[in-house]
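Quick note, the sequences are listed as chains A and B, same order.
As numbered in our numbering, the first sequence has no gaps in its residue numbers, which increase by one up to the final residue, 207.
As numbered in our numbering, the second sequence has no gaps in its residue numbers, which increase by one up to the final residue, 160.
Hints listed in this document are in silico derivations from the structure and should not be mistaken for laboratory results.
Check the hints yourself; a few may be wrong.
From the derived model, a few chain B residues whose C-beta atoms are all more than 10 Å from chain A [to be verified]: (1) Ser-26; (2) Lys-30; (3) Ser-55; (4) Tyr-105; (5) Lys-109; (6) Lys-110.
With a straight-line Cα cutoff of 30 Å, these simulated DSS-like cross-link-like pairs (lysine-lysine) come out [as the list claims (entries may be wrong)]: (7) A:Lys-121 - A:Lys-27; (8) A:Lys-190 - B:Lys-110; (9) B:Lys-30 - B:Lys-53; (10) B:Lys-2 - A:Lys-7; (11) A:Lys-16 - A:Lys-27; (12) B:Lys-109 - B:Lys-95; (13) A:Lys-188 - B:Lys-95; (14) A:Lys-27 - B:Lys-95; (15) B:Lys-30 - A:Lys-190; (16) B:Lys-53 - B:Lys-95; (17) B:Lys-53 - A:Lys-27; (18) A:Lys-125 - B:Lys-95; (19) B:Lys-95 - B:Lys-110; (20) B:Lys-110 - B:Lys-53; (21) A:Lys-125 - A:Lys-106; (22) A:Lys-121 - B:Lys-95; (23) A:Lys-22 - B:Lys-110; (24) A:Lys-7 - B:Lys-110; (25) A:Lys-199 - B:Lys-2; (26) A:Lys-106 - A:Lys-188.
Since the model is a prediction, treat every value here as computed from it, not as a measurement.
Glycine included, C-beta positions come from ideal geometry on N, C-alpha and C.
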Amino acid sequence: MELDEFKAHWNTIQDKEYQQQKISPEKLKQIIMNTTDTLGQMRSKSIYWRTISKLTIKILIGVLAAVFLIILIKGIYQHRMADALTSMAYLFILVLFCMVTAWVYKRQEQLFTINNSGNVKETLKQTITAFKRFYWMVNIIYLFLYPAYYYAIIKVLIPYWHPSPQTIFITCALATVISIIGGHWYYKVKFFTKLKSLKANLNLLES
Amino acid sequence: MKEQFILLITNNQGLILKVCNMYCNSREDKEDLFQDIILQLWRAYDSFNGDSKVSTWIYRIALNNAITRLRKETKREKFAKLDDSAFDIAAIDNKEENEQVLQMYNAIKKLSEVERAITMLYMDDYSYREIAGVMGLSESNIGFNLNKIRTKLRLIVNNG
């Protein structure tokens, strides 16, 4: 059977499938209401969380400022100013790392649905480009952030460990390499197959 | 606005179901895709300005969603064959013809995602111009692609 002969049966098949799977108006209304309400809630939640996070950041800055003042006064009294400033820097790195990671996880899921209203070719191009750009950007950010993060972790969470600076640098470098390889493996498992299929579809449209 | 949207989806649910059937094998995945498409349509509803037919707009968003979305594929689903309902689609009395129709239907499901989209639009009697608009190709390219699809389908059907 040829495609054009099959075309004659297409509507019959679709009608039959439609009758089998047709969703009742009540159920459909329920699905749509749930979906639109969910989106509405997500939007209001997003506004809510944005407000909350702004407030949290303000509180955090306030607390950090207070802690900073305490450390500063303590440092002045004990004549250990350098220690006080270093502790603050470590704390800042840890907070920054958490914020960047939270953003990365949120953003990577959105990338596959944000460009949906153009034509298929345009959507495929935008999705692939956005993902590639995001992937490289994340790796570059983490290439600098991981060593600082691990250094801060060692200094803040393992204060009784006093290795030589060389050992600390090697540990940080190793942990960074392992983390980046782990991250690459995670992206490979979760996103690369899909990316490959998107590229194949785009190649087909461009050939 | 929500009421208008509900009416729009109610009148066009057949089209969305068609896309779900073409891109999913299991019932769970079809339901997921159906809801994803509704969500994306609702998101884009504000910006729909009537430049194209409603059905073309729905097709464009539904196909974009079906092709680019990240599927929550379970192991069971990964190895699942076509849903049972796919084998109960033909409504033709002639057994041999029925068999051929099923073969062709299954062959279309084996095409690449983009080829399936072109085939679906062609089956639904969209003009080359409309298909080109949805896919982002030229009209001549659509003709070329359809010829390629015809050859590919012939091969799939002949090789079982």
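Can you give the numbers of the hints that this structure goes against, from lowest to highest? 2, 4, 7, 10, 13, 14, 16, 18, 22, 25
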